[in-house]
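Q: Here is how the chains run, residue by residue.
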Amino acid sequence: MTKTNSGRFFEDYKVGDVIRHAVPRTVAEGERALYHALYPARHALYSSDAFAADCGLDGSPLDDLIAFHVVFGKTVPDVSLNAVANLGYAEGRWVVPVYPGDTLRSESQVIGVKENSNGKTGVVYVRTRGFNQNDDVVLEYVRWVMVRKGNLDAPAPEAVLPDLKKVLSVEDLVVPEGLTFDDYDFGLAGEEHRWGDYEIGEVIDHVDGVTIEEAEHMIATRLWQNTAKVHFDLTFRPEGRLIYGGHVISMARALSFNGLANAQMIVGLNGGAHANPCFAGTTVKAWSEVLDKAETDVPGVGAIRLRLVATSDGSVGQLKGEDGKYLPGVLLDLDYWALMPI
Amino acid sequence: MTKTNSGRFFEDYKVGDVIRHAVPRTVAEGERALYHALYPARHALYSSDAFAADCGLDGSPLDDLIAFHVVFGKTVPDVSLNAVANLGYAEGRWVVPVYPGDTLRSESQVIGVKENSNGKTGVVYVRTRGFNQNDDVVLEYVRWVMVRKGNLDAPAPEAVLPDLKKVLSVEDLVVPEGLTFDDYDFGLAGEEHRWGDYEIGEVIDHVDGVTIEEAEHMIATRLWQNTAKVHFDLTFRPEGRLIYGGHVISMARALSFNGLANAQMIVGLNGGAHANPCFAGTTVKAWSEVLDKAETDVPGVGAIRLRLVATSDGSVGQLKGEDGKYLPGVLLDLDYWALMPI
Amino acid sequence: MTKTNSGRFFEDYKVGDVIRHAVPRTVAEGERALYHALYPARHALYSSDAFAADCGLDGSPLDDLIAFHVVFGKTVPDVSLNAVANLGYAEGRWVVPVYPGDTLRSESQVIGVKENSNGKTGVVYVRTRGFNQNDDVVLEYVRWVMVRKGNLDAPAPEAVLPDLKKVLSVEDLVVPEGLTFDDYDFGLAGEEHRWGDYEIGEVIDHVDGVTIEEAEHMIATRLWQNTAKVHFDLTFRPEGRLIYGGHVISMARALSFNGLANAQMIVGLNGGAHANPCFAGTTVKAWSEVLDKAETDVPGVGAIRLRLVATSDGSVGQLKGEDGKYLPGVLLDLDYWALMPI
Chain R
1 MTKTNSGRFF EDYKVGDVIR HAVPRTVAEG ERALYHALYP ARHALYSSDA FAADCGLDGS
61 PLDDLIAFHV VFGKTVPDVS LNAVANLGYA EGRWVVPVYP GDTLRSESQV IGVKENSNGK
121 TGVVYVRTRG FNQNDDVVLE YVRWVMVRKG NLDAPAPEAV LPDLKKVLSV EDLVVPEGLT
181 FDDYDFGLAG EEHRWGDYEI GEVIDHVDGV TIEEAEHMIA TRLWQNTAKV HFDLTFRPEG
241 RLIYGGHVIS MARALSFNGL ANAQMIVGLN GGAHANPCFA GTTVKAWSEV LDKAETDVPG
301 VGAIRLRLVA TSDGSVGQLK GEDGKYLPGV LLDLDYWALM PI
Chain P
1 MTKTNSGRFF EDYKVGDVIR HAVPRTVAEG ERALYHALYP ARHALYSSDA FAADCGLDGS
61 PLDDLIAFHV VFGKTVPDVS LNAVANLGYA EGRWVVPVYP GDTLRSESQV IGVKENSNGK
121 TGVVYVRTRG FNQNDDVVLE YVRWVMVRKG NLDAPAPEAV LPDLKKVLSV EDLVVPEGLT
181 FDDYDFGLAG EEHRWGDYEI GEVIDHVDGV TIEEAEHMIA TRLWQNTAKV HFDLTFRPEG
241 RLIYGGHVIS MARALSFNGL ANAQMIVGLN GGAHANPCFA GTTVKAWSEV LDKAETDVPG
301 VGAIRLRLVA TSDGSVGQLK GEDGKYLPGV LLDLDYWALM PI
Chain Y
1 MTKTNSGRFF EDYKVGDVIR HAVPRTVAEG ERALYHALYP ARHALYSSDA FAADCGLDGS
61 PLDDLIAFHV VFGKTVPDVS LNAVANLGYA EGRWVVPVYP GDTLRSESQV IGVKENSNGK
121 TGVVYVRTRG FNQNDDVVLE YVRWVMVRKG NLDAPAPEAV LPDLKKVLSV EDLVVPEGLT
181 FDDYDFGLAG EEHRWGDYEI GEVIDHVDGV TIEEAEHMIA TRLWQNTAKV HFDLTFRPEG
241 RLIYGGHVIS MARALSFNGL ANAQMIVGLN GGAHANPCFA GTTVKAWSEV LDKAETDVPG
301 VGAIRLRLVA TSDGSVGQLK GEDGKYLPGV LLDLDYWALM PI
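Chains as they are written, first to last, in my numbering: chain R, 1 to 342; chain P, 1 to 342; chain Y, 1 to 342.
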């Protein structure tokens, strides 16, 4: 009887299956401190209990991306251990903020499968939900990955492709209960620019950069209990450990403070692509483009839809070449909604 | 008057002496988070307050090896500053779990001395106890080290060799008060294998590996306030900083989740050898052998005796060569008892 | 409308201006654990809640240098983003200890300006104060930096040079409320040497050393939300990332435990120079010189004035060459007051 987990293969996923992921995790002040140690995170709502209380919350929540990484990390042994590629995200929603002391667990429902024409791999779509200790959904998102078949003779399943929103509408977004920007202190937040100051189409160069070290991305990725071998084991991939895509997301988001200090809370994830792999030694920089703006039903709380791009070459404003493919200097193209004082 | 500690030499240890080690330490959520950041630790009882509460505990204790490392670290300035080699461990017992907010301190009693025939070094045996703020013993273990003589003319002391158990019996082990596996959730724990599923002699390849970085082992070793120069100072040992043996123990134990996810709590340490030195750049993998099984006096709680082997070459199941010496790819050979749902 | 902060230039500072720095920060057990992971910090008052309670405090405060780094870090975007050099410190005082859960913010008042004769740069003097959530001043210090002019045609301001104390007197120092060393446990603290055992002029070699890694100094510097590009971005400074001077201060102070274990609390900063730049790969060692001693108005609590020198070459007792310049092996020359049991 083999005791170790060899992961699921494409033929092991059936539409409708719910996978309950293992190893719940209590997150607390230690995770908050480490997040600030690993990323240049400065959004005030996640840095200061006092600032968050002034915004109507019960102290400072853990960064929205801590919640995302912890929930995501739990899915790796069940969803992406035999994955060839992480293809996309959609319909990501942050529903309830995560506070120090909360315990998170994850579940994923298989919502689509499609075997590739080569007969060796297929695409699996899952909707993952993260829950806290009260069984409240704290966030959910759809993710699709290309997975190897374990048995090449397994018959191709009937293709099921989920109908996914290209973009969440502002009605889909959840403004955390009690949130108010009525007493928002722009001076303490770090910038004067409010929702009304951003124009659709505007491109913001976030200027700062961080050269990534092996120890840092491994410390981060382990903290989320992400077990994918490629991030840790140099013998598995001698050309270099592949950096967890979520590390690049967090790095870019933190860098985006410089120009988007008031884009406080991430509430929606419309889509995202890890355009090129990232390795240690890369200097990650970031730029953003304002894709849309909308008012929420909470007075004073605006939603801003942003494209967040991480680069390895410091380029700004360039995304794809004439062939429609991402340029080699683009690491990440993320489409998300954030909340900002109007 | 010299102000710095030059450490004790062999002739400074007298059988019966009790050394009270300095610098008590409060450990809390920060240490827990760092442990998860430094090692791929996933045992659910140490990851989730809710899971631990379902097992009858007052929330999730700090990892048993955090307790060990903190207690051990305090002994270094008094026991191993002039040590040539760490020779062995015996009779290690975890008595009371350590919770966030506890303050730990250590004491060691000298229980044996034996000068080596070369007249330059000797072996010192100490029994170390760690205490919490209530003066409860949280763990204890025997360790013996080879220490240099400071004064080569000091007479050899009468040799005293302690009578140490080769293996703790199940009666020696302490099952934490209140522990129950009656409502144990194997799905959340990550594996279905229970005590009854393991056979004596069974070998488990834990599959995963981590390539160690300098920053990581130093961060870990400092966190335990271990002051041994060889771990930090490259000028002291230009061929490379020697990685603290406890870092390899924690790494291997964390990797052993994959196949031993339900070996939740470490309660006994029968012995251990740091078979070969470990340096940054090494990819640590691990395998385990089931050495014994026993039922505790708590219904549903089984004890499993495991050999945990860390390797630098990915080998599995091989320990010693024909000459009886550890193979060069073996880093650690640890013999311990863990608790598992029956 | 540009959204990113390009920093202030020399001509932007007016004597009397008060700059309210952004991004308040709640510090807690996570920051404490990380401090111990990044520096070999062992002073018992900051390591153990029980030890600190025995000294009359409400549990263990966060290290005085955590408070300093957090307060300092907030000033970087407003004070030193366009700085050419960090020239000096004076009149630093720790007023109220910082405890886990406190939220810190900073303000700086411009107290001096002087344009340099080259017309391209000038020196700016600021007095920075850190506040907690109750608006108590937790610490304050004066710092002066050389800053580039943004507009070379801007007229030189009237030179204002603040009148700064060369050395704080013991009356300037604040002994934290309730502090007592009446029940001080020298055994647990780690050394027997008390205030009376140190002589003015005495030099102490702290013996231990740490070879610094890139990941470590970046993790530390980010933790304090220090945003200076030179510490993080290798493309900005291809010859190597410059290590934040405060990282060297904390490293040297932690190493000084060995010989100054009872110099528990830092209460005054008389001056300091980052004598030479520090890069990863450097093995930092430290030595101290006793510059002065004084009794405070709290019985049993002595003040000791120390010169703390960090080196890159392991030299001890040598500071400047015949030309009056710091020797190349000197990284830091810090002049501070600490409290010690009499």
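Honestly, the hints are just simulated from the structure, not real lab data.
It is possible that some hints are incorrect.
What follows is a list of derived Cβ distance ranges for each label pair [as the list claims (entries may be wrong)]:
#, chain 1, residue 1, chain 2, residue 2, range
1, Y, A85, P, E239, 31 to 41 Å
2, P, G317, R, D135, 37 to 47 Å
3, R, V167, P, E239, 39 to 49 Å
4, P, G178, Y, T180, 47 to 57 Å
5, P, E192, R, G196, 15 to 25 Å
6, R, A154, P, N134, 41 to 51 Å
7, R, N116, P, E192, 29 to 39 Å
8, Y, E192, R, D185, 42 to 52 Å
9, P, R20, Y, G59, 19 to 29 Å
10, R, V167, P, N134, 26 to 36 Å
11, Y, E192, P, G196, 50 to 60 Å
12, P, E192, R, A154, 18 to 28 Å
13, P, S6, Y, G300, 45 to 55 Å
Mimicking DSSO-like on lysine-lysine, the simulated pairs with C-alpha atoms at most 30 Å apart in a straight line are [as the list claims (entries may be wrong)]:
#, chain 1, residue 1, chain 2, residue 2
14, Y, K149, Y, K120
15, Y, K149, Y, K325
16, R, K114, R, K229
17, P, K229, Y, K320
18, R, K320, Y, K229
19, P, K149, R, K229
20, P, K325, P, K120
21, R, K149, R, K293
22, Y, K149, Y, K293
In this text, all values refer to a predicted model and were calculated from it rather than measured experimentally.
Cβ atoms here follow ideal geometry from the backbone N, Cα and C, with glycine treated the same way.
Q: Compare the structure with each hint and give your call.
A: Do the hints match the structure? See the list:
Between A85(Y) and E239(P) the C-beta distance comes to about 38 Å, which sits within the given range of 31 to 41 Å. For G317(P) paired with D135(R), a C-beta distance near 43 Å keeps the hint of 37 to 47 Å intact. Restraint check, V167(R) to E239(P): a C-beta distance of roughly 57 Å breaks the suggested window 39 to 49 Å. In this structure the hint that G178(P) and T180(Y) lie 47 to 57 Å apart at CB is violated, the actual value being about 39 Å.
Our hint of 15 to 25 Å for E192(P) and G196(R) is violated, since their Cβ atoms are close to 56 Å apart. The given range of 41 to 51 Å is broken by A154(R) and N134(P), whose C-beta atoms sit roughly 59 Å from each other. N116(R) and E192(P) have their C-beta atoms about 31 Å apart, which keeps the hinted 29 to 39 Å range intact. For E192(Y) and D185(R), the hinted distance range of 42 to 52 Å is satisfied, since their beta carbons lie about 50 Å from each other.
Evaluation of the 19 to 29 Å hint for R20(P) and G59(Y) yields a pass: the beta carbon distance comes to about 22 Å. Between V167(R) and N134(P) the beta carbons are some 57 Å apart, a value that contradicts the proposed interval 26 to 36 Å. Remark: the range hint 50 to 60 Å for E192(Y) to G196(P) is upheld by a beta-carbon distance near 56 Å. Checked against the hint of 18 to 28 Å, the pair E192(P) and A154(R) passes, with Cβ atoms roughly 23 Å apart.
The hint said 45 to 55 Å for the Cβ distance between S6(P) and G300(Y), and at roughly 29 Å that hint is violated. This hinted pair checks out: K149(Y) and K120(Y) have alpha carbons roughly 6 Å apart, not beyond 30 Å. Proximity of K149(Y) to K325(Y) is assessed by CA-CA distance (about 27 Å); at most 30 Å being required, the pair is judged to hold. With a C-alpha separation of about 25 Å, the suggested pairing of K114(R) with K229(R) holds against the 30 Å cut-off.
A hinted pair counts as satisfied when its Cα atoms are at most 30 Å apart, and K229(P) with K320(Y) qualifies at roughly 28 Å. As the CA atoms of K320(R) and K229(Y) are separated by approximately 28 Å, the hinted pair is consistent with the 30 Å bound. Proximity of K149(P) to K229(R) is assessed by CA-CA distance (about 46 Å); at most 30 Å being required, the pair is judged violated. In summary, the hint linking K325(P) to K120(P) is supported, as the alpha carbons are separated by about 24 Å, within the 30 Å threshold.
Between K149(R) and K293(R) the CA atoms are separated by roughly 42 Å; this puts the pair beyond 30 Å, and the hint is violated. For the hint pairing K149(Y) with K293(Y), the CA-to-CA distance comes to about 42 Å; that exceeds 30 Å, so the pair is violated.
Hint check: violations occur at hints 3, 4, 5, 6, 10, 13, 19, 21, 22; the rest are consistent with the structure.
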